[in-house]
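Undergrad: So you can see what is in the structure, the chains are spelled out below.
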Amino acid sequence: MTHASEGQTVGAHGGENAVTSDLEGFGFSHMILEVGDLDRSEQWYRDVVGLDVLGRGLMAEERPHSVLRMNSGQLLVLMEVESPEPRRHNSQTIHHAFWLTPDQYRSAQERFSADGIDISDERASFRAKGEFSMDAWDPDNHHWQVQTQGPEATEIIKPGVGVVECGPSEQFAVGSVTPFGKGNFFLIRNDEGFLALSRWCRHRNGLLINQKEHWQFFCHFHGATYNYDGDHTSHLRGVGPLRMNPVAITPEGIVTVDTDVVLERQEDEPPRFTPAGVGARLDGGTHGQDRIDQP
Amino acid sequence: MAKIESISHSGINVVDLKEAEEFYASIFGGLIAHRINFNTDDAQSGRAVHSDIALNDWLFAMCLPRGELPMPPDEQLRGTNGFRHGFHITREAFGQLIGRLQRQEVPFEGPRAHPDNSPLGESVYFKDPGGNFLEVCWRRDVVRGGVALDAG
Ligand code: FES
Numbered sequence: 001m002t003h004a005s006e007g008q009t010v011g012a013h014g015g016e017n018a019v020t021s022d023l024e025g026f027g028f029s030h031m032i033l034e035v036g037d038l039d040r041s042e043q044w045y046r047d048v049v050g051l052d053v054l055g056r057g058l059m060a061e062e063r064p065h066s067v068l069r070m071n072s073g074q075l076l077v078l079m080e081v082e083s084p085e086p087r088r089h090n091s092q093t094i095h096h097a098f099w100l101t102p103d104q105y106r107s108a109q110e111r112f113s114a115d116g117i118d119i120s121d122e123r124a125s126f127r128a129k130g131e132f133s134m135d136a137w138d139p140d141n142h143h144w145q146v147q148t149q150g151p152e153a154t155e156i157i158k159p160g161v162g163v164v165e166c167g168p169s170e171q172f173a174v175g176s177v178t179p180f181g182k183g184n185f186f187l188i189r190n191d192e193g194f195l196a197l198s199r200w201c202r203h204r205n206g207l208l209i210n211q212k213e214h215w216q217f218f219c220h221f222h223g224a225t226y227n228y229d230g231d232h233t234s235h236l237r238g239v240g241p242l243r244m245n246p247v248a249i250t251p252e253g254i255v256t257v258d259t260d261v262v263l264e265r266q267e268d269e270p271p272r273f274t275p276a277g278v279g280a281r282l283d284g285g286t287h288g289q290d291r292i293d294q295p
Numbered sequence: 296m297a298k299i300e301s302i303s304h305s306g307i308n309v310v311d312l313k314e315a316e317e318f319y320a321s322i323f324g325g326l327i328a329h330r331i332n333f334n335t336d337d338a339q340s341g342r343a344v345h346s347d348i349a350l351n352d353w354l355f356a357m358c359l360p361r362g363e364l365p366m367p368p369d370e371q372l373r374g375t376n377g378f379r380h381g382f383h384i385t386r387e388a389f390g391q392l393i394g395r396l397q398r399q400e401v402p403f404e405g406p407r408a409h410p411d412n413s414p415l416g417e418s419v420y421f422k423d424p425g426g427n428f429l430e431v432c433w434r435r436d437v438v439r440g441g442v443a444l445d446a447g
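Taken in order, these protein sequences are the chains called G and Y.
Heads up, the first sequence is in my numbering, so the first residue is 1 and it goes up one at a time.
Heads up, the second sequence is in my numbering, so the first residue is 296 and it goes up one at a time.
Because the hints were derived from the structure by calculation, they are not lab data.
For glycine and all other residues, C-beta sits at the position ideal for the given N, C-alpha and C.
Among the hints, erroneous ones may be present.
Chain G side only, calculated, beta carbon under 8 Å to chain Y, not exhaustive [as the list claims (entries may be wrong)]: (1) 21; (2) 29; (3) 34; (4) 38; (5) 50; (6) 69; (7) 72; (8) 90.
Here are some chain Y residues pointing at chain G (derived, C-beta under 8 Å) [unchecked claim]: (9) 324; (10) 329; (11) 352; (12) 375; (13) 382; (14) 392; (15) 408.
Derived Cβ-Cβ restraints for the label pairs, each shown as a range [said to hold, decoys possible]: (16) 275/G / 424/Y: 54 to 60 Å; (17) 82/G / 369/Y: 19 to 25 Å; (18) 334/Y / 154/G: 24 to 30 Å; (19) 260/G / 399/Y: 54 to 60 Å; (20) 160/G / 317/Y: 45 to 51 Å; (21) 209/G / 410/Y: 34 to 40 Å; (22) 43/G / 402/Y: 53 to 59 Å; (23) 181/G / 330/Y: 57 to 63 Å.
This is chain G alone, in the form it adopts within the complex (with noise of 0.2 Å):
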């Protein structure tokens, strides 16, 4: 849902917002939600959680009922009736996501662990760099995801690790991908010569592994896909070719990748492979790539 007043997007997982439906205006508009006690979720919804209230008896509902909203204009229903049932029988996935920025998130932080809500993040090791995540249950056990990104899940990764030596060149067969977890990239040998790809994906600095059998990178975090030129090939939205480590082969023949500097290509942009002769390089941005030379 668009800001009228800043013209920003927050989307589905907060990323960039793609344009899916052919219906004119289609956006989340509100979530209506079973309660038990509409004075204690109206003030739980507004003291912790931290909506404003808009007001009640404002919707085509029988039950009584209290409309609280979010900075996007979203809305949230709170409906009461007798027995509210926060997940339907037999699924225990159920839940509901509210996104922040970092600074709401931060005191959100302090408000939950006031109201003794646990903000520890159980499945962490799940989460991609940056993306952060706690869990709330409401007064009556709705299961609310409490989300937010910071800026390690865009920013350029440095190893710190320098020149790799990868080895001569005769030892990566033509068709060969291999991994390097000194430096984290992909050195792709083809008919065209070499290629050094980082591992981090794209959409949120998640490390991506070799799906072999498909031919492509994955990323487990948010399921995006790379096939072997770089490219970015999932469903997700925004999310640009993968960065590249400029390949020298010294004269010795022994294929070097530097992972001080990084270069990044536009989508519509072939990745430049370096040639697999004997002191083959390419210079980052005199190949239409640009070089990042950020620390």
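Chain G is already provided as a structure; the job is to place chain Y with the ligand on it using the hints.
TA: Just chain Y with the ligand now, kept in the frame of chain G:
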């Protein structure tokens, strides 16, 4: 100002992922669906096996239930099973959606008008094939495809 930006997604349960993807695509007119963690290693490590359905600013993470999912009565088109999700479209597109529901023989209730002081104008109510209650409305406080913060 509220201390929360938005609601970004919900994890819900459906009985048949393919049927659910087709339903949301045909009613809401295009979507991106992607199967997440459909491999043994990820499932065994405790990652949630699900289908992500992206609907503009919204995402449903659809999982299968552990056993039978109790269904609301066929004739009940409007309700909550713990919750109900409401989407907004423009007032012009509202008629288009109703036509679409009729053509696809999706039973619905409404349109129903909201009180004059409501941020919402009118709503229709229906269910997805997994028995999840849905609502689509046009909103009085929508301007240029977004929601005015000072309205309502
Ligand atoms: S971090 Fe989200 S898909 Fe890789």
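Undergrad: So, for every hint listed, does it hold in this structure?
TA: Evaluation of the provided hints:
no.	hint	verdict
1	21	5 Å, holds
2	29	4 Å, holds
3	34	5 Å, holds
4	38	14 Å, violated
5	50	3 Å, holds
6	69	6 Å, holds
7	72	4 Å, holds
8	90	4 Å, holds
9	324	3 Å, holds
10	329	4 Å, holds
11	352	4 Å, holds
12	375	5 Å, holds
13	382	5 Å, holds
14	392	6 Å, holds
15	408	6 Å, holds
16	275/G / 424/Y: 54 to 60 Å	55 Å, holds
17	82/G / 369/Y: 19 to 25 Å	23 Å, holds
18	334/Y / 154/G: 24 to 30 Å	26 Å, holds
19	260/G / 399/Y: 54 to 60 Å	57 Å, holds
20	160/G / 317/Y: 45 to 51 Å	49 Å, holds
21	209/G / 410/Y: 34 to 40 Å	54 Å, violated
22	43/G / 402/Y: 53 to 59 Å	38 Å, violated
23	181/G / 330/Y: 57 to 63 Å	29 Å, violated
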